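Enquirer: Residue numbers (numbering that gives the first Met the number 0), protein chains in the order written: chain A, 0 to 230; chain B, 0 to 230; chain C, 0 to 230; chain D, 0 to 230; chain E, 0 to 230; chain F, 0 to 230.
No lab work stands behind these hints: they were computed from the structure.
All figures in this text were calculated on a predicted structure; none of them were measured in a lab.
A few of these clues could be false.
Once the Cα atoms are required to be at most 25 Å apart in a straight line, the calculated DMTMM-like pairs of lysine to aspartate or glutamate come out as [said to hold, decoys possible]:
{"#": "1", "chain 1": "E", "residue 1": "229", "chain 2": "F", "residue 2": "151"}
{"#": "2", "chain 1": "E", "residue 1": "217", "chain 2": "D", "residue 2": "161"}
{"#": "3", "chain 1": "F", "residue 1": "158", "chain 2": "F", "residue 2": "192"}
{"#": "4", "chain 1": "B", "residue 1": "229", "chain 2": "B", "residue 2": "63"}
{"#": "5", "chain 1": "B", "residue 1": "230", "chain 2": "A", "residue 2": "157"}
{"#": "6", "chain 1": "D", "residue 1": "217", "chain 2": "E", "residue 2": "161"}
So the derived list for chain A, only partly shown, Cβ under 10 Å to chain E, looks like this [stated by the list, open to error]:
{"#": "7", "residue": "106"}
{"#": "8", "residue": "108"}
{"#": "9", "residue": "127"}
{"#": "10", "residue": "133"}
{"#": "11", "residue": "171"}
{"#": "12", "residue": "173"}
For glycine and all other residues, C-beta sits at the position ideal for the given N, C-alpha and C.
Protein chains: 6
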Amino acid sequence: MKILVVNPNSTAAMTDKAVAAAQAVVHSDTVIVGATGTGPASIEGHYDEAMSLPGLLAEVAKAEAAGIDGIVVACFDDPGIGACRELASGPVIGLCEAAVKAASMLSTSFSVVTTLPRSIPVIEHLIHGYGLSHQCRRVRSAAIPVLALEEEGSGAREKVRDEILRAIEEDHCEAVVLGCAGMADLTEWLSAETGIPVIDGVTVAAKMIEALVGAGLKTSKISGYSTPNKK
Amino acid sequence: MKILVVNPNSTAAMTDKAVAAAQAVVHSDTVIVGATGTGPASIEGHYDEAMSLPGLLAEVAKAEAAGIDGIVVACFDDPGIGACRELASGPVIGLCEAAVKAASMLSTSFSVVTTLPRSIPVIEHLIHGYGLSHQCRRVRSAAIPVLALEEEGSGAREKVRDEILRAIEEDHCEAVVLGCAGMADLTEWLSAETGIPVIDGVTVAAKMIEALVGAGLKTSKISGYSTPNKK
Amino acid sequence: MKILVVNPNSTAAMTDKAVAAAQAVVHSDTVIVGATGTGPASIEGHYDEAMSLPGLLAEVAKAEAAGIDGIVVACFDDPGIGACRELASGPVIGLCEAAVKAASMLSTSFSVVTTLPRSIPVIEHLIHGYGLSHQCRRVRSAAIPVLALEEEGSGAREKVRDEILRAIEEDHCEAVVLGCAGMADLTEWLSAETGIPVIDGVTVAAKMIEALVGAGLKTSKISGYSTPNKK
Amino acid sequence: MKILVVNPNSTAAMTDKAVAAAQAVVHSDTVIVGATGTGPASIEGHYDEAMSLPGLLAEVAKAEAAGIDGIVVACFDDPGIGACRELASGPVIGLCEAAVKAASMLSTSFSVVTTLPRSIPVIEHLIHGYGLSHQCRRVRSAAIPVLALEEEGSGAREKVRDEILRAIEEDHCEAVVLGCAGMADLTEWLSAETGIPVIDGVTVAAKMIEALVGAGLKTSKISGYSTPNKK
Amino acid sequence: MKILVVNPNSTAAMTDKAVAAAQAVVHSDTVIVGATGTGPASIEGHYDEAMSLPGLLAEVAKAEAAGIDGIVVACFDDPGIGACRELASGPVIGLCEAAVKAASMLSTSFSVVTTLPRSIPVIEHLIHGYGLSHQCRRVRSAAIPVLALEEEGSGAREKVRDEILRAIEEDHCEAVVLGCAGMADLTEWLSAETGIPVIDGVTVAAKMIEALVGAGLKTSKISGYSTPNKK
Amino acid sequence: MKILVVNPNSTAAMTDKAVAAAQAVVHSDTVIVGATGTGPASIEGHYDEAMSLPGLLAEVAKAEAAGIDGIVVACFDDPGIGACRELASGPVIGLCEAAVKAASMLSTSFSVVTTLPRSIPVIEHLIHGYGLSHQCRRVRSAAIPVLALEEEGSGAREKVRDEILRAIEEDHCEAVVLGCAGMADLTEWLSAETGIPVIDGVTVAAKMIEALVGAGLKTSKISGYSTPNKK
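Just chain A, with the same shape it has in the complex (with noise of 0.2 Å):
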């Protein structure tokens, strides 16, 4: 199975991560195949989002042409994902789906920790969209620029920490969900540190593909989702 890590932004350091976060949890057999955007070097906000869907689209369209089983669109404001579906033969999954469904498994109620407060509002409509809304208790910024997650020494780490334990003390939330693709690498440490379940978007995307390729199943072509009309 070759499933797609798609990174919308320009940064190929976060595409590595997240190649690096997808492939340590799929099978042995799963082959991750990256890609990077040709958009803005983060995705803050809904300019970035946007400028960014030429670039993942060329991608996801070349990755199709070659044969790939399923897609992540590795970052957190689920950019371009209807797009994606109506291109894709297999599924696509966006970070925030994937990790607030899989919260909702695991959890009566969650909070997602992100980095910008100005990226609150598009999370807060992604899981109102997503039917979540009466399960997540807060979306709350830990107030880092996404590319802080990047740099040595910046405390972004904990940072986003501290911003957990605020949202166990103060959401009495049962889970925490990253909100963006760059804290893949933090996972591990997060829950060790904060004994609740912390949701990285990645890593869960990836297998929740991995698993619905398995599965056998794919996006429905009759209606919202059918291949673009030729004009």
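Given the coordinates of chain A, assemble chains B, C, D, E and F onto it according to the supplied hints.
Expert: For chains B, C, D, E and F alone, kept in the frame of chain A given last:
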């Protein structure tokens, strides 16, 4: 006051029709500035929508730099509204949001009539996000491609009228929203033929933007729609 | 175009303030017609609201007979809107509906600041009905009686400002809606003091009615808002 | 225990019918006190409802002064319930709230059969406010004026029965709520004819008020339903 | 009329308290029949709830065979209500459904105070299912084990009172629902100490069942609650 | 990895079918351990579900003691999931939750086809709890008893196919979820006959548990699903 009416698809004839529809209803001292995207010739589904965004956002940025007061995104799928709001200082609205919110003020329930079946779930998702599912009886399709609305003798207008009549009969709706920018010139005829308020997004969006600008209101810049971060 | 701004309470000073606020924002060729109810001196809760209705509806019927084009009910509790819509041929809107729908177009989330705590559940119920609970962070009260807004030296305006500042700090809202018609003259000052969009219902309702009338739209007459049955 | 059954319309025959229906089900030591409004002869829509309120509230105030224990507002549109609760110390309920909450305890889903189509959106809005839309299959109308229920030979009762049979067939509902106070005397016959629980608001409202009073419960007076402010 | 009050846990003292609370409020001609389950000594979470069901259902079946008129399941987690309704011909209710629906008639918003934190999500899930999340400010725990309510000198009643006072202060709720059958004997004292309606599920459930039976209503038998299929 | 597939009813043939369906899709190094309950022969409604729980939980406890990694409860009514999660350290899922969450990732809307009409409200209630009502077009029944699926020549599989075809035609759904564990062996044939994704709960639940375990995730133990309290 200057209002941008930007058609995110690349069919200039649709831009002209939208500009004309907007100009016909705004005050004599309001200038409608038209702009056309560089994406697909029509927006039929998620992929087309995604591919229209860079062209749309370029027009918005250009207009913003030139001092526009408010912006109508002239497509019923409300593409890139969040991203446009990040770029704009004034108010921004898409056709679906404008039209369904207007419909919710004029009737206790409404139905939407769009072009192709594949647009139905896109519109349902938008209406769910706008919180108006409980007032929307049904989203229907007249089963016509968007561009048929531009062709003489395609029978498209009669199909739209017949679908509205079915909506009245079957959905017991009190108003109908036209679910495509390309139907703007049919509004008056459709209302006369069917006897209920028929709401065209272009017209109502232009008037709502004129109203918000006239009330001195601007897009909030403190979180979700703050200016895109420099990278 | 002639728009009725009808204040359902019997305090003429509040009518004057509302008429002035509306006249200040509409086009020069739009005439604002003021009218004052015969009910309680202020509307603070369900009982006051109910007792204001016959006077309100009499004014609406009179204006309708005289050929009014659209109607603003100048109270934030949106009293009798459905009944007014049955009497009116043109569009009718209350302050809460106009303001929260405007807020939903200018921000991803907003809070409301009203006068007395007893109005909080009334407004929450309205917002639930309008489908915007998911965008409303919180309905707050500045703990001032409605008529204190009319008194020099009551400290009311400072209390409203301080409550808005608390809303920004605690609710992380991006805009604030003023939850009382009597706050209309404070809007500009409050926005300057707090740095976020502050939305006054009177202003925005007048502009929205002007927009709907200008778009050629009328209240649907085929079911929920049909003309009252003769007995 | 004394319970007020107040009919907000001015048709004394409907009051008599409601009082009789209530008296037939309460305990022998519960006194039903009837009262009739001064508004329209029947309540068919928002305007009639609004015009019924002053008369209704006058009766409630009078009964409260005389020491009533609980109050049934005998109309299915639940007019002025919030206002009545502000005046009352004991519990207050309208027919719709009582009947749909009872239906939600006796079945997994129900439909409502009312008189005129114009009442459908009024009732749908109430049920949305009560949070029971997910258990309400459909609100239907038998297309009869309210007062036809009072006329011999109008065929009204057969029309109601036929609509209930259609509700069972088409909606797969498990119970039916009668959406008009004037249907109270048909309940037993309709249940026998259709084989499912048919729930009349008058009966169930009287019993629920008797239950709440008997449990020692009163209307909360600390915020939303606090006594009207003196002006 | 005979009403079964069945305590699904195996602590007979709690049954006695519930029977006494019910008997104290029903009419003199209503007989309360008590029954005790065979499951865990208290119901604290999903597992305890599940393990209580066979014993609970055996008591219900026995009572049904003996001709019971209605049934109260005397536990706030509403265990096995659907199953009991399949067995019963008369109405069946659990404490949570009865109490929150009563609270929704007496106040615009309420909070719940239960025993242990682990019961909070169970109750939140129930309230979501009953459609009353929008009226429930918060579900709180007094952090006491269920059986502490049965022990002299445990300080449990003071903890419950203090939590109610915090709910009034922090949640701005207008009424409080007691989230455990074992609190039934504290209601009067708590209401006196806190000044707001304090609603005990046992009392209100017994009265509601008495009301539904008295109104001639029975559980619908045509689909969701039809008699269990013979195997 | 070892996954328990526990059939809560007592029909061993259904366990065998579920184990086979699960084993067919998991990786070669994943061991499926089957277990059969001691309750009713099939689960048709709330009573059967309740009576299946002690046997189900005994199997879960046994497997947990023996070191199981994850658990599938192989019934579409998702019986006792919360209780199982309290007993388990690893992830636990029921068929309905797994299948509808998968369907929500593969289509914009889906319908469910179950066996008997009495199961429809059970499933609707589950889907409401999972927050996916807005993506579920309709829950339908093929009007066949569960055990007919085990009988040669019962015509059951054709009835299921015909109901799926009606769902496509009438509901405009894009995928169908099979609402009974006993349909697991029909999936491939039904998908071929109908041309849309047909989603079987057993298969997808086994793959999702394999995915969650593979991602290193466990059930949260800090509140709602904490280990049952010792009594």
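Enquirer: Against each hint, give a clear statement of whether it holds in the structure.
Expert: Quick rundown of the hints versus the structure:
{"no.": "1", "hint": "E/229 to F/151", "in the structure": "holds, 21 Å"}
{"no.": "2", "hint": "E/217 to D/161", "in the structure": "holds, 22 Å"}
{"no.": "3", "hint": "F/158 to F/192", "in the structure": "holds, 12 Å"}
{"no.": "4", "hint": "B/229 to B/63", "in the structure": "holds, 17 Å"}
{"no.": "5", "hint": "B/230 to A/157", "in the structure": "holds, 23 Å"}
{"no.": "6", "hint": "D/217 to E/161", "in the structure": "holds, 22 Å"}
{"no.": "7", "hint": "106", "in the structure": "holds, 9 Å"}
{"no.": "8", "hint": "108", "in the structure": "holds, 6 Å"}
{"no.": "9", "hint": "127", "in the structure": "violated, 14 Å"}
{"no.": "10", "hint": "133", "in the structure": "holds, 6 Å"}
{"no.": "11", "hint": "171", "in the structure": "holds, 7 Å"}
{"no.": "12", "hint": "173", "in the structure": "holds, 8 Å"}
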